[in-house]
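Asker: These are the residues of each chain, in order.
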Amino acid sequence: MQPEGKRQVQDHSLDRSLDIVSLISIGQHPQSGRVRRAEQDGRAVELGMNLAEKHTVLHAGDPLQQALRSYAGMGLSEVQVLDLGPRADAVPALVEYLQDHRPDIVLTGVRAESGESSGMVPYLLAEKLNWPVVARVADIVSVENGVAELLLALPRGQRRALKVPLPFVATIDNAAPEARQSAYGPGRRAQVESLDAVIEDDQTRSDWVEAKAKPRPKRLKVVKAKTAAERFKAATAKPQGESGKVLKDMPAAEQAREIFDLLLEEKVIS
Amino acid sequence: MSDVLRRDPRAEWIARNRLHPLHGTVSVGDEAEVRGPSGLLRKNPHKVGFIGPNGIKRIDRLKGNGNTVAMGRRSSGPQEVLLPLHSVEQPDFYIVVVPDMVGGRLTSQDKDILGQAHKLARGIEGGNEQQGAVVAVCFGESKEEGFDTAGVDRLILLDSEEYQGFCPEQQLAALVQIEASYQPKHWLFPDSVNGGADLGARLAARLGERPAVQAWQVDHETTVSRGASGSIDISRTTPHILMLVEECADPIDETRHEAQPLALESIPRAIAQLQDQGQVAVDPNAIPLAEAEFILSAGNGIHNWDQFHDTATALGATEGASRVAVDDGFMPRFRQVGATGTWVTARVYLAVGISGAIQHMQGIGQCDKVIAINTDAGCDMVKRAALSAIGDSEEILAELLKLAQEHRAKQSEEGDQHAA
Chain A
1 MQPEGKRQVQ
11 DHSLDRSLDI
21 VSLISIGQHP
31 QSGRVRRAEQ
41 DGRAVELGMN
51 LAEKHTVLHA
61 GDPLQQALRS
71 YAGMGLSEVQ
81 VLDLGPRADA
91 VPALVEYLQD
101 HRPDIVLTGV
111 RAESGESSGM
121 VPYLLAEKLN
131 WPVVARVADI
141 VSVENGVAEL
151 LLALPRGQRR
161 ALKVPLPFVA
171 TIDNAAPEAR
181 QSAYGPGRRA
191 QVESLDAVIE
201 DDQTRSDWVE
211 AKAKPRPKRL
221 KVVKAKTAAE
231 RFKAATAKPQ
241 GESGKVLKDM
251 PAAEQAREIF
261 DLLLEEKVIS
Chain B
1 MSDVLRRDPR
11 AEWIARNRLH
21 PLHGTVSVGD
31 EAEVRGPSGL
41 LRKNPHKVGF
51 IGPNGIKRID
61 RLKGNGNTVA
71 MGRRSSGPQE
81 VLLPLHSVEQ
91 PDFYIVVVPD
101 MVGGRLTSQD
111 KDILGQAHKL
121 ARGIEGGNEQ
131 QGAVVAVCFG
141 ESKEEGFDTA
151 GVDRLILLDS
161 EEYQGFCPEQ
171 QLAALVQIEA
181 SYQPKHWLFP
191 DSVNGGADLG
201 ARLAARLGER
211 PAVQAWQVDH
221 ETTVSRGASG
231 SIDISRTTPH
241 ILMLVEECAD
251 PIDETRHEAQ
261 PLALESIPRA
271 IAQLQDQGQV
281 AVDPNAIPLA
291 EAEFILSAGN
301 GIHNWDQFHD
311 TATALGATEG
321 ASRVAVDDGF
331 MPRFRQVGAT
341 GTWVTARVYL
351 AVGISGAIQH
361 MQGIGQCDKV
371 IAINTDAGCD
381 MVKRAALSAI
391 GDSEEILAEL
401 LKLAQEHRAK
411 QSEEGDQHAA
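In order, the protein sequences belong to chains A and B. The first sequence begins at 1 in our numbering and counts up one residue at a time. The second sequence begins at 1 in our numbering and counts up one residue at a time.
In case anyone wonders, no lab produced these hints; they're calculated from the structure. Be aware that one or more of the hints could be misleading.
As the list claims (entries may be wrong) - Dumping the calculated BS3-like pairs for lysine-lysine here, alpha-carbon to alpha-carbon at most 25 Å:
#, chain 1, residue 1, chain 2, residue 2
1, B, Lys369, A, Lys221
2, A, Lys248, B, Lys402
3, B, Lys383, A, Lys267
4, B, Lys410, A, Lys267
5, A, Lys163, A, Lys212
6, B, Lys402, A, Lys267
7, B, Lys119, A, Lys226
8, B, Lys369, B, Lys383
9, A, Lys221, B, Lys383
10, B, Lys43, B, Lys57
11, A, Lys248, B, Lys369
12, A, Lys245, B, Lys57
13, B, Lys47, B, Lys57
14, A, Lys214, B, Lys119
15, A, Lys163, A, Lys54
16, B, Lys143, A, Lys267
17, B, Lys119, A, Lys221
18, A, Lys267, B, Lys369
19, A, Lys224, B, Lys119
20, B, Lys185, B, Lys119
21, B, Lys383, A, Lys233
22, A, Lys245, B, Lys402
Unchecked claim - Incomplete in silico selection of chain B near chain A, CB under 10 Å:
#, residue
23, Gly123
24, Asp233
25, Arg236
26, Ile373
All values reported here derive from a predicted model rather than from experimental measurement. Every residue gets a Cβ at the ideal spot worked out from N, C-alpha and C, and that includes glycine.
Based on the sequences and whatever the hints tell you, model everything.
Answerer: Structure follows, in structure tokens:
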């Protein structure tokens, strides 16, 4: 919620500039199921491009995947890919890469749009690297003296300010600024650099059974009535909640005071 | 008093039969029939019957029998049914639920998950002679009173100072401590944006467990969860840590539970790397109406619109309106609450001068606390409201505005003192 002009990003140390790695995954269109740029990962790349001088976009998977071009079309000169097979676990490869390169900030989406989409990768990376992890970031306001000031997206459009020391892992919420449009030509021209990586197969997942999602049954309103009269009442009667406290024939000041106390008690007024 | 009607057929028969020797002893209402001096039965027509509630004379042909029946029914109102207590004395295993407790109360998702926990416990108990207890771990201040009816057998309430506000690292330390002391069979988290998914993922990463995320069909053997942004179902054996979606199971409604506090050793203070700077003031009118937390809504009873807007700003409320206010051009169409407008989910809904058409009541169906300010004490909105003030809306809003401004002034003063 900070205007663009007020964003202050300064070098947290004298000899190094801010180094950000954005992790991208292959998205999936919710209706057609076609591969695309993932919504939240696109926002992570956008945020990284606005913040850092040294920005690496990293994918773990197939380097020939066409959806990577739609990330590159945002204006990236290259996309780095850890070459992994479809059954491989991304976490060990990413941990090795991050341990070698030691960036300041790792940005990811909250959940991938394909695969298991458990959203565990940022947490596992943070645990392995022993870095703090911040979930659902809406914006990175500033990075100064090795401390980043973030805005977290809370439910109901609220924001929480947070300070985190570098380095850290952050997942980017849908409330973050929208990813810029992807241009086709620059996307084709960008380099996709394939890197060798540790390949560990995901053993647990091979035991799982995957099927097309069944529609979930709707919850029925079950009436647990013991007598016919109760059943009849449940079927016909208007649900009548007992009305609460009524303040009548009182001075307006007292009524307002009661209302205000309730608002304070419910913590809608801070 | 019991709801069952007890009739005495013999007494009724004696009352009907005026030749019965005991007829005089049974009460038959007023003395409308008297034996005259000649032995003839005299009826006094003025004493027959009684004056009904509408001032009309009613004659009771049932000789008082019908009357007692009606009386008996009237006296016993709706009764509080005491649900059977489900008690677990020596639990063999634990299933831990970490509810979101939004605003200090169990959400409907939390209650579904407590129901799911009991379903899991029954499944595990079915195989062997064990009894499990469902433990709820609640962080921060709790306003919930229905832990027992929601299905909490044991309660760990962590409400000390270090658990106030945003503190996922400290919460994680507590959960790790619980894992070490009680070795629960399963951990259940709500898969929600209110912090449940975050905490569950943190615990899973710390314990090195692979959780089931977006799980929606769970029993003690297999779990079905959604993957690939909801397009596939993954079936697997039920893992140690589960994050469950809404309506995964039915909430508990037929039993009462103990909700006994469970002892926990002292929890180490976690080193907080995330420093909470508090919530940021957000322009309330920039929040979409459907997800606003606190709405001040205006209807036909508002005449001073400047004052209404001022009050909304001072209270920090998102503005809403009824259809009339929108049709009259006082508010834009996207502010309309109700069936034709937006279905709101506000936690607190303050309705000023809205009597409550059914379309409007549908729109606020999901609101938690409704407050009404209205001149008509009999309107539907007052019946729905938890608190209603009957009076002139302009006066009450003026007082409310004054209170809000005083509150703000006091707070900024305190803030200055803290800064100094």
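Asker: Taking the numbered hints from earlier one at a time, note which ones the structure violates and give those numbers from smallest to largest.
Answerer: 5, 12 and 23
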